[in-house]
Amino acid sequence: MTYYITLFAAGFAGSFHCIGMCGGFACALGRDPHGHGSTVLRHLLYNAGRLTTYCFLGALAGALGQVICTPQGVTVSLLRGSLDAGQRLLAIAAGLLMIGMALQFFGLLQRFHHLAAGFGGSTFVLSLRSLLTARSRAAPLAFGVFNGFLPCPLVYAFVAEAASTAAAFPGFLTMAAFGLGTFPAMLMMGGVGRALAPAWRRRGVWLAGSYILLLGLITLGRGILPIAAHIGHAWPGEYPT
Amino acid sequence: MTAHAGVLCSHCLLHIGPRAMRRTLNGESCAFCCYGCCIAYQVKSGRNEEWEAAWLLIRLGVGGFLSMNIMLFSLLVYTGVDARMLPWIHVLLWAFATPAVVILGEPFLRETWCNITQGRLASSTLIVVSVSAAYLYSVVAVLERSTYVYFDTATMVLMLFTVGRYLEAAGRARAARDLEPLLAAESEYATVVSGRSETRRPVREVSAGILVRVRPGERIPVDGVVVEGESHTDEAVITGESRQVAKAAGSPVIAGSVNLDGPLLIQSSRAGTATRWAQICRSVRDALIRRSPTQRIADRVVGAFVPFVLILGGATALYWGQRLPFDRALLVGLAVLVVACPCAVGLAAPLATSLGIGRLARCGCLVRDPAALEALARARLLAFDKTGTLTSGRARVVAIESDGTAIDEVLARAAGLERHSEHGLAHAIGMTAAARGLEPVIARDVRTVPGRGILGNAKGQPVAAGNGALMHGLGWPLSQGLAELGRSMEARGHSVVYVGWGEQVHAVLSFDDTPLAEARTTIEALRGRGMRVTLLTGDLAQSAQRIAAAVGVRLGDIQAGLSPEAKLTALDRYRQRNEPAAMVGDGLNDALVLARADVGIAVGSATDLARETAAVVLPSHGLWLLPWVVDVARAVRLTIFTNLMWAFGYNLVALTLAVLGLLQPVLAAAVMAGSSILVVVNSLRLERLPDPLPSPMAERSSLDEQSVAHNVALAPVFERGRSTRSAE
Chain A
1 MTYYITLFAA GFAGSFHCIG MCGGFACALG RDPHGHGSTV LRHLLYNAGR LTTYCFLGAL
61 AGALGQVICT PQGVTVSLLR GSLDAGQRLL AIAAGLLMIG MALQFFGLLQ RFHHLAAGFG
121 GSTFVLSLRS LLTARSRAAP LAFGVFNGFL PCPLVYAFVA EAASTAAAFP GFLTMAAFGL
181 GTFPAMLMMG GVGRALAPAW RRRGVWLAGS YILLLGLITL GRGILPIAAH IGHAWPGEYP
241 T
Chain B
1 MTAHAGVLCS HCLLHIGPRA MRRTLNGESC AFCCYGCCIA YQVKSGRNEE WEAAWLLIRL
61 GVGGFLSMNI MLFSLLVYTG VDARMLPWIH VLLWAFATPA VVILGEPFLR ETWCNITQGR
121 LASSTLIVVS VSAAYLYSVV AVLERSTYVY FDTATMVLML FTVGRYLEAA GRARAARDLE
181 PLLAAESEYA TVVSGRSETR RPVREVSAGI LVRVRPGERI PVDGVVVEGE SHTDEAVITG
241 ESRQVAKAAG SPVIAGSVNL DGPLLIQSSR AGTATRWAQI CRSVRDALIR RSPTQRIADR
301 VVGAFVPFVL ILGGATALYW GQRLPFDRAL LVGLAVLVVA CPCAVGLAAP LATSLGIGRL
361 ARCGCLVRDP AALEALARAR LLAFDKTGTL TSGRARVVAI ESDGTAIDEV LARAAGLERH
421 SEHGLAHAIG MTAAARGLEP VIARDVRTVP GRGILGNAKG QPVAAGNGAL MHGLGWPLSQ
481 GLAELGRSME ARGHSVVYVG WGEQVHAVLS FDDTPLAEAR TTIEALRGRG MRVTLLTGDL
541 AQSAQRIAAA VGVRLGDIQA GLSPEAKLTA LDRYRQRNEP AAMVGDGLND ALVLARADVG
601 IAVGSATDLA RETAAVVLPS HGLWLLPWVV DVARAVRLTI FTNLMWAFGY NLVALTLAVL
661 GLLQPVLAAA VMAGSSILVV VNSLRLERLP DPLPSPMAER SSLDEQSVAH NVALAPVFER
721 GRSTRSAE
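Heads up: the sequence lines are chains A and B, in that order. Numbers 1 to 241, taken from the working numbering, label the letters of the first sequence in order. Numbers 1 to 728, taken from the working numbering, label the letters of the second sequence in order.
These are calculated hints, taken from the structure and not from any lab test. All of these numbers come straight from a predicted model, not from anything done at the bench. Don't take every hint at face value.
Not the full set, but computed from the structure, chain A residues with beta-carbon under 10 angstroms of chain B [to be verified]:
no., residue
1, T52
2, F56
3, A59
4, L60
5, S136
6, V145
7, F146
8, F149
9, A167
10, A168
11, F169
12, F172
13, A176
The C-beta atom is built at its ideal place from N, Cα and C for all residues, glycine as well.
Start from the sequences and build out the full structure, keeping to the hints where you can.
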């Protein structure tokens, strides 16, 4: 459980980074003219859509990790204590990716940022604007679903983490914990608007970076260190089976 | 957009075909070739705030939400849940799946229904049948409280096909990028200046004499003359050469060229619909609408394929039904249906063809029919016309023989006289004198003798230049040697002009058509591509041989003195021996052969495109592009071939796996969506074909450039010159 709480916290810290892009969307979603209840519903739908996409991506990444780790296509119980070579490699890759993302939060590796955010997201974002103004009740939900797919380094980092769990269900849980972590900030953005001072946002970004860096180092450690079995036991051991 | 047959997809510019969808977006009526293009177009032009555009995206988003949730809950079921919870989860899945299937499946259902009403079975039928089978089975399973339901299969298959279609359409739109400027002529707007006001008007409403303003970066919408402003333009769409041409007040500009760096005020010289650009636009649209022969075969195969797969799917399910539980057997059958969906086959040829046509058109080479492109790729024989194709079609002084008088004096006197004439030969004399830096001797009292030559007075002496009859008529004596030289030159097919003054003939000038600078390298390049090159000409054998030797055509491959009918017979003979034969001409005096050859290629044709008979039209001075055109045609054919091989081969392998029960339906859907995307990616490789090599024209002297410019004005004179010669 500690593992998922850590992820939740990382998501919470990271969500201050989200405010830059997704927070803007949440603000744009704004208030519903039908009253307070409708506004809350709008934002809940939006976040539900986003969360679903994250969970789906997590399950997908986990399943992919499983395919990589078990090339024979035979389902192996991954939780037999020690980690096999495939999972170690996956953990190293995910760890490096997360460290890369984290460094970028501190303003380093800018080229990496362009690489991460340059998947033709801009035209996609543009088209999504039509959803923000649509009057349909379901529009925020659809918007949230698409929003989840938008290129975002934070999401990439956690998807990598999900892949390193090497099974669909823990992958799903990883992203679910992360997604729930981003919930409060995003809901708040919808409610309080642009109340957050820039200084706080910067602190939030640093906090998010530190968290992801730590997480990346631990994930990397799981892959490299000979004593990894301990850490491996400590965390994946708690995956519900 | 008049007839249904003549409509291109608003998004990818492919022919809309049987999967057509129509929507009204942003107040414009749009037609799409498929559901994927409909989505991709709305994603691309997302500026709209209209209900319908957003509605499609909302539906997709909600469909995605539902199907992702179904997937996640199914995952929960697979990892194991309490048996008491299971029926409730199944009901929940049912509740999610019903709207998801309705929302995501509706376009596929509509497509199937449209095709069935027209008596066809489209590939979407396979999706509809498999999804409804999985859904209906699961509903029954929920009601009977059995252990397994397959709502996730039903929705994921739909989701994957939808995403696959979207990605495929997005890829196809990239293929349309080259075509957009060419098709823009019909929808372009021009900024019309009248008095102090400026209004935007459709190009088709612009007539001759109207002032049009063109800002930097805009495309020049009409042919005309610059009235005000200085800039550079890029005329690649029309001339095939991408380089900057300086424009200032008085310079002519061509519709379709891009104004690069300065605002221009242009007075249009003809109607907006009469420009070459507009003609190109119509021609390209016509070509895109036609289906290539390969595609016709592929479509027929797909038509037979769908019922076959339906039967195969049913048979597979029945076979496995005897060995496995019913639900597992059903899944195997569904995997067969899903994996055999021949979406990629339908895409194999049109995409490659439209990319090829767009690529060629961007360099000024027009293809009227995809079939011509395929025939050119297979052709191993290229027959050339001589005059105007391998040669410049303009006379040039090739020899000056005198009775001992200095050549420069002959030229100076002749040039002084011929300045008063507009005859093609006169122009050639002036050019030669200018090239040698001679000052023409000023002639007075000049008069022309029609059909014979020109007379005048210079330095107090009568001067004359013309044919033998003129000299004979004047009674000027002609030395035996000069007369002999003149006769032998004429026998070799040269035009001859005698120059005399002081009541005596002093020199004889011979003229010939000159081979184009790029002809030799072009023919060598074609031969390097394994093509046999022949020369079919109506001219005399001697002159044909001289040109052939100059451009590198083998002596055995020349046939001279042919009438147009004889050229056709000669071509037919080659055709029987070889694969398709292509004929290259200038489109003026060989229109008949160009029309009847397997591939007629017109080079630098000045004729109206609408009346053009050739299947491929190269720009003026575009002979050097020919090897590249052949390369593109071959690359297109190879791409079509690999696409079909891939699509069919992939289908066959996947189908075998599915029949053997080794493929899950969801995986099969992913595989199928991936297959069409691979076809798109393979076709997009055509974009990376190298551009045509820089033309040798760039090396030509500025003098020659001027002569090109003059040639436009003097074209009728040369025509007359050529026809008199052939009459002789």
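Hints violated by the structure (listed by number, smallest first):
none
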